[in-house]
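Visitor: Sequence:
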Amino acid sequence: MLKRVKQPYDAFLVLDVEATCVAGAGFDYPNEIIEWPVVLLRWKDKDIKGKARELQVVDEFRSFVRPTWRPQLSQFCSALTGITQEQVDGAPSFPEVLDHFRSFLEKHELIDPESGRRLTRFCFCTDGPHDIRDFVIPIPPWLTWDIVDVRRVVGEWHAFSTPDPDGGANRRPVGAFPLPRRVSLSIPRQLHALGLEPFEGRQHSGIDDTRNIARLVIELARRGWKLEPNTPINPNRRWPWMGKRGRVLEEYYP
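Mapping of the sequence shown onto UniProt numbering: position 70 corresponds to residue 70, and the numbering continues sequentially without gaps.
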(Lines of atoms letter the chains of each structure in order from A; the text may use other names.)
(Lines give C-alpha, C1' and ligand atoms only; values in the text may rest on other atoms or scores of the structure.)
Protein backbone atom coordinates (compact mmCIF):
# COMPACT_ATOMS: atom_id res chain seq x y z
CA MET A 1 0.00 0.00 0.00
CA LEU A 2 1.57 3.29 -1.11
CA LYS A 3 1.54 5.99 1.53
CA ARG A 4 -0.35 9.28 1.36
CA VAL A 5 1.59 12.35 2.41
CA LYS A 6 0.49 15.88 3.24
CA GLN A 7 0.66 17.91 0.05
CA PRO A 8 0.95 21.71 0.48
CA TYR A 9 -0.28 22.62 -3.02
CA ASP A 10 -3.75 22.09 -4.45
CA ALA A 11 -3.05 22.39 -8.17
CA PHE A 12 -0.11 22.12 -10.55
CA LEU A 13 0.40 23.80 -13.91
CA VAL A 14 2.80 21.71 -15.96
CA LEU A 15 4.56 23.82 -18.59
CA ASP A 16 7.14 23.15 -21.32
CA VAL A 17 7.59 26.03 -23.75
CA GLU A 18 9.20 25.97 -27.18
CA ALA A 19 11.14 29.00 -28.35
CA THR A 20 13.01 30.40 -31.33
CA CYS A 21 16.51 29.01 -31.60
CA VAL A 22 19.50 28.73 -33.90
CA ALA A 23 22.04 25.93 -34.07
CA GLY A 24 24.78 26.28 -31.46
CA ALA A 25 23.17 29.10 -29.44
CA GLY A 26 23.00 28.89 -25.63
CA PHE A 27 20.55 30.39 -23.16
CA ASP A 28 22.06 33.86 -23.62
CA TYR A 29 20.40 33.99 -27.05
CA PRO A 30 17.22 36.12 -26.98
CA ASN A 31 14.81 33.22 -27.44
CA GLU A 32 11.19 34.13 -28.11
CA ILE A 33 8.46 31.73 -27.00
CA ILE A 34 6.60 30.18 -29.94
CA GLU A 35 4.47 27.60 -28.09
CA TRP A 36 2.84 27.92 -24.66
CA PRO A 37 1.33 24.57 -23.55
CA VAL A 38 0.05 23.86 -20.04
CA VAL A 39 -1.54 20.81 -18.40
CA LEU A 40 -3.54 21.53 -15.24
CA LEU A 41 -3.44 18.85 -12.51
CA ARG A 42 -5.54 18.68 -9.35
CA TRP A 43 -5.81 16.20 -6.51
CA LYS A 44 -8.50 13.58 -6.83
CA ASP A 45 -8.32 12.29 -3.25
CA LYS A 46 -7.09 15.08 -0.97
CA ASP A 47 -8.57 14.71 2.53
CA ILE A 48 -9.22 17.32 5.22
CA LYS A 49 -5.69 16.80 6.56
CA GLY A 50 -4.23 17.66 3.16
CA LYS A 51 -3.01 14.13 2.46
CA ALA A 52 -3.24 12.86 -1.11
CA ARG A 53 -1.48 10.80 -3.76
CA GLU A 54 -3.83 10.77 -6.79
CA LEU A 55 -3.44 13.59 -9.30
CA GLN A 56 -5.60 13.87 -12.39
CA VAL A 57 -5.55 15.98 -15.55
CA VAL A 58 -8.28 18.62 -15.34
CA ASP A 59 -7.68 20.66 -18.49
CA GLU A 60 -5.10 21.77 -21.05
CA PHE A 61 -4.16 25.11 -22.56
CA ARG A 62 -2.14 25.44 -25.74
CA SER A 63 -1.31 28.31 -28.03
CA PHE A 64 1.34 28.96 -30.63
CA VAL A 65 3.00 32.36 -30.30
CA ARG A 66 4.06 34.82 -32.99
CA PRO A 67 7.66 36.00 -32.46
CA THR A 68 8.26 39.69 -33.09
CA TRP A 69 12.03 40.26 -32.84
CA ARG A 70 13.00 37.58 -35.34
CA PRO A 71 9.67 36.48 -36.84
CA GLN A 72 11.27 34.08 -39.32
CA LEU A 73 11.94 30.68 -37.76
CA SER A 74 15.28 29.07 -38.49
CA GLN A 75 15.28 25.76 -40.33
CA PHE A 76 16.95 24.28 -37.24
CA CYS A 77 14.10 25.51 -35.02
CA SER A 78 11.32 24.12 -37.22
CA ALA A 79 13.10 20.77 -37.55
CA LEU A 80 13.63 20.55 -33.78
CA THR A 81 10.15 21.59 -32.61
CA GLY A 82 7.97 20.61 -35.56
CA ILE A 83 6.46 24.12 -35.48
CA THR A 84 5.93 25.66 -38.90
CA GLN A 85 6.24 29.25 -40.04
CA GLU A 86 2.54 29.25 -40.93
CA GLN A 87 1.58 28.24 -37.40
CA VAL A 88 3.43 31.13 -35.77
CA ASP A 89 2.49 33.68 -38.44
CA GLY A 90 -1.17 33.16 -37.62
CA ALA A 91 -0.69 33.07 -33.85
CA PRO A 92 -1.19 35.86 -31.29
CA SER A 93 1.77 37.72 -29.78
CA PHE A 94 3.12 36.62 -26.39
CA PRO A 95 1.32 39.37 -24.39
CA GLU A 96 -1.94 38.31 -26.06
CA VAL A 97 -1.30 34.65 -25.22
CA LEU A 98 -0.67 35.57 -21.58
CA ASP A 99 -4.02 37.41 -21.55
CA HIS A 100 -5.74 34.29 -22.89
CA PHE A 101 -3.93 32.13 -20.37
CA ARG A 102 -4.93 34.43 -17.55
CA SER A 103 -8.56 33.81 -18.57
CA PHE A 104 -7.79 30.07 -18.30
CA LEU A 105 -6.52 30.61 -14.75
CA GLU A 106 -9.62 32.63 -13.89
CA LYS A 107 -11.93 29.99 -15.35
CA HIS A 108 -10.43 27.37 -13.06
CA GLU A 109 -10.62 29.76 -10.07
CA LEU A 110 -6.87 29.84 -9.59
CA ILE A 111 -6.60 33.64 -9.58
CA ASP A 112 -9.01 36.47 -8.86
CA PRO A 113 -10.33 38.14 -12.05
CA GLU A 114 -10.06 41.61 -10.56
CA SER A 115 -6.84 41.64 -8.56
CA GLY A 116 -5.00 38.68 -10.09
CA ARG A 117 -4.17 37.35 -6.61
CA ARG A 118 -4.05 33.61 -6.12
CA LEU A 119 -7.24 32.00 -4.87
CA THR A 120 -5.65 28.62 -4.20
CA ARG A 121 -2.18 27.24 -3.68
CA PHE A 122 -0.82 26.28 -7.07
CA CYS A 123 2.61 26.16 -8.63
CA PHE A 124 4.19 25.58 -12.02
CA CYS A 125 6.09 22.41 -12.87
CA THR A 126 8.79 22.37 -15.56
CA ASP A 127 11.56 20.12 -16.85
CA GLY A 128 14.55 22.03 -15.52
CA PRO A 129 14.59 25.72 -14.52
CA HIS A 130 14.85 27.24 -17.99
CA ASP A 131 11.25 27.47 -19.25
CA ILE A 132 10.18 30.23 -16.87
CA ARG A 133 13.50 31.56 -15.60
CA ASP A 134 15.07 32.12 -19.03
CA PHE A 135 12.21 32.44 -21.54
CA VAL A 136 9.31 34.32 -19.90
CA ILE A 137 10.12 38.03 -20.18
CA PRO A 138 8.68 39.99 -18.48
CA ILE A 139 7.35 37.60 -15.83
CA PRO A 140 3.70 38.26 -14.90
CA PRO A 141 2.86 38.48 -11.15
CA TRP A 142 1.10 35.09 -11.04
CA LEU A 143 4.31 33.44 -12.30
CA THR A 144 6.77 34.96 -9.85
CA TRP A 145 6.50 32.20 -7.27
CA ASP A 146 9.11 29.45 -7.22
CA ILE A 147 8.59 26.41 -9.42
CA VAL A 148 8.86 22.63 -9.21
CA ASP A 149 11.82 21.49 -11.30
CA VAL A 150 10.53 17.99 -12.08
CA ARG A 151 13.86 16.81 -13.48
CA ARG A 152 15.46 17.65 -10.15
CA VAL A 153 12.71 15.86 -8.21
CA VAL A 154 13.08 12.70 -10.30
CA GLY A 155 16.83 12.92 -9.73
CA GLU A 156 16.25 13.16 -5.97
CA TRP A 157 13.89 10.20 -6.06
CA HIS A 158 16.39 8.20 -8.11
CA ALA A 159 19.25 9.04 -5.73
CA PHE A 160 17.09 8.22 -2.71
CA SER A 161 15.92 4.91 -4.20
CA THR A 162 19.30 3.71 -5.50
CA PRO A 163 21.36 1.80 -2.92
CA ASP A 164 24.73 3.37 -2.06
CA PRO A 165 27.90 1.25 -2.20
CA ASP A 166 28.63 2.28 1.40
CA GLY A 167 25.22 1.20 2.58
CA GLY A 168 23.87 4.76 2.74
CA ALA A 169 26.23 5.93 5.44
CA ASN A 170 27.04 9.14 3.58
CA ARG A 171 23.62 9.81 2.07
CA ARG A 172 22.12 13.20 2.83
CA PRO A 173 18.50 13.40 3.99
CA VAL A 174 16.06 14.17 1.19
CA GLY A 175 15.73 17.93 0.77
CA ALA A 176 19.04 18.69 2.49
CA PHE A 177 21.37 21.19 0.85
CA PRO A 178 23.59 20.99 -1.08
CA LEU A 179 21.87 18.27 -3.03
CA PRO A 180 23.92 15.20 -3.96
CA ARG A 181 25.52 15.08 -7.38
CA ARG A 182 23.42 13.26 -9.98
CA VAL A 183 23.12 12.79 -13.70
CA SER A 184 20.72 15.16 -15.48
CA LEU A 185 17.89 13.09 -16.93
CA SER A 186 16.07 13.80 -20.19
CA ILE A 187 12.29 13.34 -20.18
CA PRO A 188 12.52 9.82 -21.74
CA ARG A 189 15.16 8.83 -19.16
CA GLN A 190 13.00 10.20 -16.34
CA LEU A 191 10.08 8.10 -17.57
CA HIS A 192 12.35 5.06 -17.68
CA ALA A 193 13.69 5.79 -14.17
CA LEU A 194 10.13 5.75 -12.82
CA GLY A 195 9.23 2.57 -14.71
CA LEU A 196 6.70 4.31 -16.95
CA GLU A 197 5.89 3.54 -20.57
CA PRO A 198 8.14 5.28 -23.15
CA PHE A 199 7.69 8.90 -24.24
CA GLU A 200 4.31 9.46 -25.89
CA GLY A 201 4.24 11.74 -28.93
CA ARG A 202 6.99 13.83 -30.50
CA GLN A 203 9.94 15.03 -28.44
CA HIS A 204 10.39 18.84 -28.45
CA SER A 205 6.74 19.34 -29.28
CA GLY A 206 5.72 21.60 -26.40
CA ILE A 207 2.36 19.97 -25.77
CA ASP A 208 3.78 16.43 -25.99
CA ASP A 209 6.68 17.29 -23.67
CA THR A 210 4.20 18.86 -21.25
CA ARG A 211 1.92 15.82 -21.23
CA ASN A 212 4.85 13.52 -20.52
CA ILE A 213 6.10 15.75 -17.70
CA ALA A 214 2.56 15.62 -16.28
CA ARG A 215 2.85 11.81 -16.31
CA LEU A 216 6.00 12.13 -14.21
CA VAL A 217 4.32 14.46 -11.70
CA ILE A 218 1.34 12.11 -11.38
CA GLU A 219 3.64 9.13 -10.79
CA LEU A 220 5.76 10.96 -8.20
CA ALA A 221 2.57 11.83 -6.32
CA ARG A 222 1.38 8.22 -6.54
CA ARG A 223 4.65 7.10 -4.95
CA GLY A 224 4.12 9.42 -2.01
CA TRP A 225 6.60 12.14 -2.93
CA LYS A 226 5.90 15.57 -1.46
CA LEU A 227 5.49 18.04 -4.34
CA GLU A 228 6.67 21.55 -3.55
CA PRO A 229 8.75 24.26 -5.25
CA ASN A 230 12.51 23.67 -5.38
CA THR A 231 13.73 26.32 -7.83
CA PRO A 232 13.71 30.09 -7.20
CA ILE A 233 12.61 32.55 -9.87
CA ASN A 234 14.15 36.02 -10.09
CA PRO A 235 11.68 38.24 -11.99
CA ASN A 236 14.32 40.99 -12.25
CA ARG A 237 16.98 38.91 -13.99
CA ARG A 238 18.76 40.78 -16.79
CA TRP A 239 20.41 39.51 -19.97
CA PRO A 240 23.12 41.24 -22.08
CA TRP A 241 20.67 41.76 -24.94
CA MET A 242 17.88 43.18 -22.77
CA GLY A 243 16.59 46.72 -23.01
CA LYS A 244 13.50 48.19 -21.34
CA ARG A 245 10.69 45.74 -20.54
CA GLY A 246 12.76 42.85 -21.83
CA ARG A 247 12.98 44.11 -25.39
CA VAL A 248 15.99 43.17 -27.46
CA LEU A 249 18.49 46.01 -27.86
CA GLU A 250 18.77 47.12 -31.48
CA GLU A 251 22.56 46.92 -31.37
CA TYR A 252 22.54 43.34 -30.12
CA TYR A 253 23.43 40.77 -32.75
CA PRO A 254 24.06 37.19 -31.56
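Derived by calculation from the structure, the hints in this document are not laboratory data. In this text, all values refer to a predicted model and were calculated from it rather than measured experimentally. Each residue gets a CB set at the ideal place from its N, CA and C atoms; glycine is no exception. Accuracy of the hints is not assured; some may be wrong.
Once the Cα atoms are required to be at most 25 Å apart in a straight line, the calculated BS3-like pairs of lysine-lysine come out as [as the list claims (entries may be wrong)]:
| id | residue 1 | residue 2 |
| --- | --- | --- |
| 1 | 226 | 46 |
| 2 | 226 | 44 |
| 3 | 3 | 44 |
| 4 | 49 | 6 |
| 5 | 226 | 3 |
| 6 | 3 | 51 |
Listed next, with one range per pair, are the computed distances between beta-carbon atoms [what the hints assert, rightly or not]:
| id | residue 1 | residue 2 | range |
| --- | --- | --- | --- |
| 7 | 96 | 6 | 32 to 42 Å |
| 8 | 72 | 192 | 28 to 38 Å |
| 9 | 54 | 78 | 16 to 26 Å |
| 10 | 201 | 100 | 21 to 31 Å |
| 11 | 22 | 115 | 35 to 45 Å |
| 12 | 76 | 192 | 39 to 49 Å |
Visitor: Each hint should be assessed against the structure and marked as holding or not.
Guide: Hint check results:
Distance check on the hinted pair: residue 226 and residue 46 sit about 13 Å apart at the alpha-carbon level, within 25 Å; holds. Under the criterion of a C-alpha separation no larger than 25 Å, the hint pairing residue 226 with residue 44 is consistent with the structure, at around 15 Å. Between the alpha carbons of residue 3 and residue 44 the distance comes to roughly 15 Å, so the proposed pair stays at or under 25 Å and holds. For the hint pairing residue 49 with residue 6, the CA-to-CA distance comes to about 7 Å; that is within 25 Å, so the pair holds.
Restraint check for residue 226 and residue 3: the C-alpha separation of about 11 Å stays at or below 25 Å, so the hint holds. Proximity of residue 3 to residue 51 is assessed by CA-CA distance (about 9 Å); at most 25 Å being required, the pair is judged to hold. Between residue 96 and residue 6 the beta carbon distance is about 39 Å. The supplied range of 32 to 42 Å therefore holds. Between residue 72 and residue 192 the beta carbon distance is about 37 Å. The supplied range of 28 to 38 Å therefore holds.
At about 39 Å, the CB distance of residue 54 to residue 78 disagrees with the hint of 16 to 26 Å. In this structure, residue 201 and residue 100 meet the distance hint of 21 to 31 Å, their C-beta atoms being roughly 23 Å apart. Separation of residue 22 from residue 115 is about 40 Å and conforms to the stated range, judged on CB atoms against 35 to 45 Å. Between residue 76 and residue 192, the C-beta spacing of about 27 Å breaks the proposed range 39 to 49 Å.
Of the numbered hints stated above, those contradicted by the structure are hints 9, 12, listed in ascending order.
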